[in-house]
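Residue numbers (numbering that gives the first Met the number 0), protein chains in the order written: chain A, 0 to 339; chain B, 0 to 326.
Hints are computed from structural coordinates only; laboratory data are not their basis. The reader is advised that the hints may include incorrect statements.
[Stated by the list, open to error] Footprint (simulated), chain A over chain B, 3 or more residues, beta carbon under 8 Å:
(1) 28-36
(2) 110-120
(3) 153-164
(4) 180-187
(5) 194-208
[To be verified] Listed next, the stretches of chain A that the computed footprint assigns to chain B, with coverage defined by at least 3 CB atoms under 8 Å from CB atoms of chain B:
(6) 4-17
(7) 178-187
(8) 191-199
(9) 257-263
(10) 270-276
Ideal Cβ placement from N, Cα and C applies to all residues, glycine included.
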Amino acid sequence: MADTLLQVEGLVKEFDVRRNLGIRSQKLKVQAVSNVSFSVDSGETLGLVGESGSGKTTLGRCVLRLLEPTAGSIVFKGQEIVGLSSDGLRALRRDMQIVFQDPFASLDPKRTVQAAIAEPLEIQRVGGDHPQRVRELLELVGLSPDHARRYPHEFSGGQRQRIGIARALALNPSLLILDEPVSALDVSIQAQVLNLLGELQTELNLAYMFIAHDLSVVRHTSDRIAVMYLGKIVELGDSETIYENPAHPYTHALLSAVPVPDPEVERARQRIVLTGDVPSPINPPSGCRFHTRCPIAQDRCRTEEPAMRTVTGGQSVACHFPLEPGVTLVELAGRAAASA
Amino acid sequence: MSDSVLSLRDFTVSFPTLYGTVRAVRGLSLDVNPGEFVGVVGESGSGKSVTFLGMMGLLPKSAIVGGSAKINGEELVGASNRKMRSVRGQKISMIFQDPLSALNPVHRIGAQIEEMLGAHQSLSRQESERRVIELLDIVGIPQPDQRARQFPHEFSGGMRQRVMIAMAIANNPELLIADEPTTALDVTVQAQILEVLERIRQELDTAIVLITHDLGIVARVVDRVEVMYAGRAVERATVANLFDTPSHPYTVGLMRSLPALGRERLEPIPGSPPNMLEPPPGCAFAPRCAHAQAACSAEIPDLREGRSGLTACIRSHELQLEVGTRG
Ligand SMILES: Nc1ncnc2c1ncn2[C@@H]1O[C@H](COP(=O)(O)OP(=O)(O)OP(=O)(O)O)[C@@H](O)[C@H]1O
Ligand SMILES: Nc1ncnc2c1ncn2[C@@H]1O[C@H](COP(=O)(O)OP(=O)(O)O)[C@@H](O)[C@H]1O
Ligand code: SF4
Ligand SMILES: [Mg+2]
Ligand SMILES: [Mg+2]
């Protein structure tokens with residue numbers, strides 16, 4: 000069995016926000032991440048999906064300690080990293096790196112590729128031949144070592160994303176947090192970068208936290224998947240189970256909303272279209288946070304918060320009425336409507 | 000065909016820039032029939048937006064538009080500004096990815112839709128208020144009478160896109176052009192907006208051109224597809240035929256790039272899209288195409304009969320292209 004690299008327990012991250020009420024303004028808290036627990040094994044990919052604002056980025060940034068968690072524990076390689084001193088944090092940064100969505104915004108236009116990739120080596124005061132290391136890294140991500148002297152604007156989106164990856168790999172991390180790493184890329188280029196990430200993972204035994212809103216990309220890349228809704232993980236399990244037999248109605252609805260590039264499948268499909276938008280995280284719904292949009296919600300859902308528990312398929316789910324394998328939400332919603 | 004709503008012939012758009020001329024659209028001919036739902040797909044920079052912005056007279060003055068673009072037989076290329084204003088909103092309307100930038104933040108939603116109505120129709124106060132509520136209802140905005148009195152910032156992204164659609168259909172246009180209308184939205188909200196578009200096509204019989212880079216969206220809603228590459232149409236087919244027997248190597252390349260069940264490794268198209276300052280000679284896809292031969296770069300291939308549609312590949316007949324695993 001692979002060893003646990005990262006263990007997160009009860010993680011909470013609150014932000015202070017102000018709401019303007021005419022002349023007065025009210026101080027409020029947003030729970031962007033609300034009591035979240037999960038683990039990542041070395042060499043594995045955990046996918047993180049959920050709608051905009053569900054807390055994926057915030058969660059990633061807490062794990063990296065780019066944000067201070069409000070509560071909870073993050074154990075990385077056996078060491079508690081919440082409350083770590085700045086020295087401890089610096090060492091940690093070698094081992095965990097992040098790749099951002101926007102390859103255009105994440106590189107300084109005035110610095111050469113050489114400077115950009117070598118920067119983490121300098122910050123960490125790593126000795127050795129930096130130009131040589133940069134050449135190696137460029138080759139590793141499928142670029143030419145000659146590219147080191149050029150500037151970011153001379154590269155396409157896919158190439159810039161490769162530069163971002165090379166930079167993240169400079170310090171030989173064991174965990175990469177990939178926050179929408181291919182969302183800004185065209186599909187043909189997206190496929191190039193996804194293949195590269197796959198090869199690097201095998202070669203370097205990297206673990207990934209792969210954040211993306213494209214569910215087919217997440218399915219392709221992830222061993223396990225965590226589905227987030229309004230700051231909570233509502234379902235967690237291995238990738239095939241989540242896709243074949245989603246137990247949480249939200250996972251089910253999310254998957255049925257994803258357009259599949261096959262007209263026959265699309266026309267034959269029965270789809271549950273969720274009504275409305277994600278509610279405000281400032282004042283999340285009581286009980287199960289999904290109850291306002293859930294097609295099978297009952298009274299209990301409005302008052303009692305469902306705890307995470309393991310279900311038939313082996314995945315964990317936070318729902319009072321998880322779907323049995325093989326039962327579709329369309330059928331259940333139909334039954335619920337008929338009995339109402 | 001003379002009875003098409005929209006007809007482009009050898010349509011071109013270029014932009015003179017400091018570095019030379021960007022040849023964004025290079026001879027595009029296509030038709031949209033009444034009530035048809037057409038998808039236009041292609042990677043970023045392939046000229047999708049510029050084609051339709053150019054046709055509607057919405058590009059910066061520096062843009063050079065050539066060829067012919069007819070709406071119901073009326074020529075738009077070279078038409079006066081006055082003519083273009085009356086065509087826009089009345090015969091054709093367009094919605095975009097970012098609805099917020101198209102709405103006025105200080106005016107109530109209802110007033111903005113009324114303004115749209117007033118520009119092309121003479122309605123009494125009461126009639127236009129009633130019509131606004133009706134429109135908001137068509138696009139699925141709950142409590143339309145209350146929502147009409149609110150401001151754009153009180154609407155979510157999905158609701159704003161519905162408002163844009165309401166404005167776009169206010170004057171019963173024959174053609175609605177939707178340029179990546181769901182790209183900024185979550186999939187659950189995207190599914191709602193796609194349903195609104197399908198409903199409009201069904202109930203109002205409006206022809207719709209949906210510009211997207213997402214083949215899944217194409218498979219879900221459209222009847223027919225135009226695949227664009229480097230400012231030209233490279234394949235044209237019904238949606239069923241496009242996915243069954245794609246016949247241009249670029250289309251097949253796009254499909255193979257997609258993560259699909261059972262596909263362990265993706266098969267990306269090598270290289271990247273061409274620089275439109277200097278598009279490759281002949282078939283612009285040749286530098287990235289596994290099947291390219293010298294003849295491919297000799298002349299720009301026109302669309303011609305392919306396996307089950309039209310394709311702009313001189314080798315399409317000899318190539319037996321397969322996508323392999325399907326989505
Ligand atoms: N610095 C901040 N101050 C206040 N609220 C914040 C801050 N950062 C994030 N939030 C809020 O926390 C919630 C979660 O945001 P987060 O960016 O983690 O979502 P996400 O799942 O990454 O969304 P997306 O898919 O749009 O990237 C949102 O409601 C967001 O508005
Ligand atoms: N105002 C402009 N000036 C110069 N080039 C432009 C301008 N607008 C678009 N282009 C170029 O035209 C080409 C087609 O762009 P566009 O139609 O926006 O592509 P897409 O298919 O992504 O919608 C691109 O190469 C783009 O850079
Ligand atoms: S014409 Fe030649 S280069 Fe172009 S797509 Fe066909 S085979 Fe490839
Ligand atoms: Mg995010
Ligand atoms: Mg565009």
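Hints and how they fare:
1. 28-36: violated (count 0)
2. 110-120: violated (count 0)
3. 153-164: holds (count 4)
4. 180-187: It holds, with 3 qualifying residues against the three required.
5. 194-208: Our answer is that it is violated, as 1 residues pass the Cβ test (under 8 Å) against chain A, missing three.
6. 4-17: violated (count 0)
7. 178-187: holds (count 3)
8. 191-199: holds (count 4)
9. 257-263: Contact hint for the stretch 257-263 of chain A vs chain B: holds, 7 residues under 8 Å.
10. 270-276: Satisfied; 5 residues make the cut.
Checked against the numbered hints above, the structure violates hints 1, 2, 5, 6; every other hint is satisfied.
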